[in-house]
Every structure is written in C-alpha cells, then in structure tokens.
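Enquirer: Here is how the chains run, residue by residue.
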Amino acid sequence: MLQDRKSFAAWLQAAPMMLIFALFFILPLVFVTIVSAWDYNEYEMLPAFSLRGYTDTFEGCIAELPGLCTILKTYLKTLKLCLLTWVLTLLIGFTVAYFLAFHVRSKTWQIVLSLLCTIPFWTSNVIRMIAWIPLLGRNGLVNKGLQGAGLIQQPVEWLLFSEFSVVLALVHLFTFFMVVPIFNSMIRIDKRLIEAAYDAGATGWQTLVNIVIPLAKPGIVIGSIFVITIVMGDFVTIGVMGGQQIASAGKIIEARLNALQFPAAAANAVILLGITIMIISALTRIVDIRKEL
Amino acid sequence: MGDKRSRSFYVLAAFFAAYVLFLYGPMIAIYILSFQGPDGGLTFPMNGVSLVWFSKVFAGAGIVDIGAAFKRSLKLGLVVMVLTVVLSVSAGMAFRKSFRGATFLFYVAIASLIMPSIITSLGIALEFRLLDDFIIKSGAEGWTTAMGFLPQALVRTLPGPCRLAF
Chain A
-15 MLQDRKSFAA
-5 WLQAAPMMLI
5 FALFFILPLV
15 FVTIVSAWDY
25 NEYEMLPAFS
35 LRGYTDTFEG
45 CIAELPGLCT
55 ILKTYLKTLK
65 LCLLTWVLTL
75 LIGFTVAYFL
85 AFHVRSKTWQ
95 IVLSLLCTIP
105 FWTSNVIRMI
115 AWIPLLGRNG
125 LVNKGLQGAG
135 LIQQPVEWLL
145 FSEFSVVLAL
155 VHLFTFFMVV
165 PIFNSMIRID
175 KRLIEAAYDA
185 GATGWQTLVN
195 IVIPLAKPGI
205 VIGSIFVITI
215 VMGDFVTIGV
225 MGGQQIASAG
235 KIIEARLNAL
245 QFPAAAANAV
255 ILLGITIMII
265 SALTRIVDIR
275 KEL
Chain B
2 MGDKRSRSFY
12 VLAAFFAAYV
22 LFLYGPMIAI
32 YILSFQGPDG
42 GLTFPMNGVS
52 LVWFSKVFAG
62 AGIVDIGAAF
72 KRSLKLGLVV
82 MVLTVVLSVS
92 AGMAFRKSFR
102 GATFLFYVAI
112 ASLIMPSIIT
122 SLGIALEFRL
132 LDDFIIKSGA
142 EGWTTAMGFL
152 PQALVRTLPG
162 PCRLAF
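So the protein sequences, as listed, match chains A and B.
175 is the number that my numbering gives to position 191 of the first sequence; each next residue is one higher, with no gaps.
With the second sequence counted from 1, adding 1 to any position gets you my numbering.
It is possible that some hints are incorrect.
[To be verified] One side of the interface only, derived from the structure: several residues of chain B facing chain A at Cβ under 8 Å: (1) F16; (2) F17; (3) G38; (4) P39; (5) A95; (6) S118; (7) L123.
[As the list claims (entries may be wrong)] Below, a sample of chain B positions facing chain A; criterion: calculated Cβ distance under 7 Å: (8) P27; (9) I33; (10) G49; (11) L88; (12) V109; (13) T121; (14) E128; (15) L132.
Treat the hints as calculated values from the structure; they're not laboratory data.
All C-beta atoms in this analysis are idealised placements derived from N, C-alpha and C, irrespective of residue type, glycine included.
All chains should be modelled from the sequences, with the hints used to inform the complete structure.
Expert: Pasting the structure below:
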C-alpha cells in the first residue's frame, strides 16, 4: 500500500516532464513521419498519401547513374565534414581531457581550468563563429600576418567560406562536448591501475593504449555521439562559415522549409533521422549509455 | 608519476594553452574590433579607435529596436529557466524513487538531447501549423500562431538540470 502511494507520487512528479516530451518531442516526430508521406503543391501541403516528398528528393538518382545525384553528393559531403570534425574533436578533446584528468593534480585547478573552457559557451554559437570572419577573410588577420611574414604573395582564398572554415568552426564550437564525457570517464579510472602499470615497467605509451583508452571508451563514445549528431543536423554553422555555398543534409531541410514544401522537408528529416540512428546504434554497440550517465 | 613534472606535462600543458587560445582568440578579436573607428569594418588593421559602433547600436540604427529585443530575450530566458528548473527538479525527485516508465522517460530525455535540432524544430513547426489549420477551420482565429518557439527552447534545456537532480 505504502509502496503504491510512493510510486503514484513519483509518477505525479514525473508527469509534467513526460507531458512536455510527449507534446514537443514525440508528437512532433510522429507528425514529421506522417507529413513526409503527404502530397504538396507550390504553397501548401495536401493531406493525401503520396511518396512525392521522397521521390522528389531522390530525383535523377537512377537516371544519372553511374554519376551521383544531388542528394547523394550532399550526404557524402555532410558525412565528410562530419568525419573530419569527429576525428579532430576526438584527438583534441582526448588530449585536453587527458591533461586535465592526469596531469592537473589539485581538484581546484581542475575546476578552474574546466571553467576556463566553459566560459565561451556563455555566448551564442553564431557569435562565436562570426568571430572567425575577421581573422580568415581576404584582408583578415591570418592573411595579413602571412603576407607580412613574406610567406605568401597573394592572399589565401580558401581560408574563409570553404570546407576548411566550416570544419574549423565546428571543431572550435564542439570540441568541449568531447572533453566533458571523456574527462568524466578518465576521472573514474583507479589511479592505482596506472601506478601498477608503471611499476610493472610499462612505458607511458603502453599505459595509454592498454589502460587509459579502454577505460575511457564510454566517454569517447558518448562524446562522439554528441558531436556526430550535432554536425549531421547542422545548417547554421555550415551556412555561415560556408558562405551559404556548401550543401548539407540540414541545409536541404532548411531550403525545403523556406520553399514551404513541408512534406519534402519532412521526408528529408526522416532520411536524416534514419542515418543518424544507424550511426548511433553502431556506436552504442560498443557501450551501454545508461550505465554511464 | 614522481613529484617532479615530467616532460609530457609541459607538452600537454602547452597543448592545453593552445586550445584555450583557440577558444578565446577569435572572440577577443571581435571585442577589439567593436572599438573600430567610424570608417572601419570587420577587418584589421583598425582605422582608429572609437565608441561609434556602440552609440549606433544604442541609437537603434539597426533594423531592430535593441531595447525591446533585449527585453524579449530576457523574458524568454527567464520563462524557460523557471519552467526548466521546476519540471526537472520534480522529475529528478521522481527518478529517485521508481515509477512505471522511468526507463522509457530516461531514454526519451537522452534522445531529445542528441536529436538533430532541425528535426525537432521542423516537427514543432508542423505541429503548430496543423493546429493552426485546424483552428482556422473550426472558426476561432489568430491565437496560436508563433507560439512554437518556447517549446523548442524547453525541450533543449530540460534534460540538463534533470541530470543534475539525479
């Protein structure tokens, strides 16, 4: 009886959050799925079953074989940006987390240094990416500096509004999402294990490969999931830093939305969701998320 | 790991310093450029130093009314903060006991965190659009449009504090 009442109270406490998620997360996803199979004309959606959203998306894919159609090219480009960003954030994030967890000895300094990395997150993403523009532009600080040093004669063009600037901005924005989970797993590693490895004569590199990396794997996977899902759906960073010239999975959805082609946008969202889920489920094979949070 | 700092410490410390510089560098450049002279743009070297751009912002030379924009942002932030804290602390307390659907709710919260935001935004936009259409059809007009922003902000911020409350 007491157990029942306790469970009911718990359910009441959780109810508001359940309601929010049901109304503004699950229901929207259901609508996206339904609307993706609706028909549409130039200015409105028509509630009748049609796979036009999907067929329009893959238009020309068979006709253009063996060449790649637009949608496949776009997804390949998105995956490429995603892969580059993932590798870079992983390398930088792992190194930073390793330094904070194993080389910074006092708790106070760990907190101070982590805070130092967190403060930039107090401003919006857009401001932080726009900040790169005066540095990378044709007359930007980097070009002026390189010219001043006599290393180049002409200003370098590929610094801004290119894949380079997109990846740079993505790494800049999201490396910390990699640092936090990896740091969290590293801090839980029993220091005696490291000492034991040292006593047994392992080199620093052997300790890293055989002890630290396997035990930090959950953090690595969680950080990877965060970075990959953000980059796969991103359209703001790719838009701003790519000079609106680089197509990405997120930008297709945005373009369809702006054209008021909701079913087509929804179909693209379903495709993007499917691909993201595939990547995540592949990653979660390696680690049980629930155990780690 | 003796008492003396090893060489790898200094290498990693330098790497960390470079990372912090990478984080802050562009922003510092922007802050400096905000004091650009009246003839300058978003480029170095600066054309003199002035507070011209700040006075332009506060004079409302832009497209939007800066005061109203700030007030609106502040209001939105406050509403989202209060709702998030209340809902999450409550749900966090629920998670301390057990209840039916706890695991499911947990996974939904995680999923909402890693769902590409454009998909949720699109869904919420569709939701309100369909609701709008429905209401217009049933005769009552013009009270739901443009309400879609707050829920999106909420879904984004909810799981964070909830995790703290565990």
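Enquirer: All hints, please: hold or fail.
Expert: A quick look at each hint next to the structure:
1. F16: Since the shortest Cβ distance to chain A is 6 Å, the answer is holds.
2. F17: Holds: closest Cβ of chain A sits about 5 Å from F17 (chain B), inside 8 Å.
3. G38: violated, 14 Å
4. P39: With a closest approach of 17 Å, the P39 (chain B) hint is violated.
5. A95: holds, 4 Å
6. S118: holds, 6 Å
7. L123: This interface hint holds because 5 Å falls under the 8 Å limit.
8. P27: Result: holds, 4 Å to nearest chain A Cβ.
9. I33: Not OK, violated: I33 (chain B) not within 7 Å of chain A, min 9 Å.
10. G49: Check failed: Cβ of G49 (chain B) comes no nearer than 16 Å to chain A, outside 7 Å.
11. L88: Since chain A brings a Cβ to about 5 Å from L88 (chain B), closer than 7 Å, the hint holds.
12. V109: Holds: closest Cβ of chain A sits about 5 Å from V109 (chain B), inside 7 Å.
13. T121: It holds, given that the least Cβ distance between T121 (chain B) and chain A is near 6 Å, below 7 Å.
14. E128: Holds, because the Cβ-Cβ distance from E128 (chain B) to chain A comes to roughly 5 Å (cut-off 7 Å).
15. L132: violated, 10 Å
Hint violations for this structure: numbers 3, 4, 9, 10 and 15, all remaining hints satisfied.
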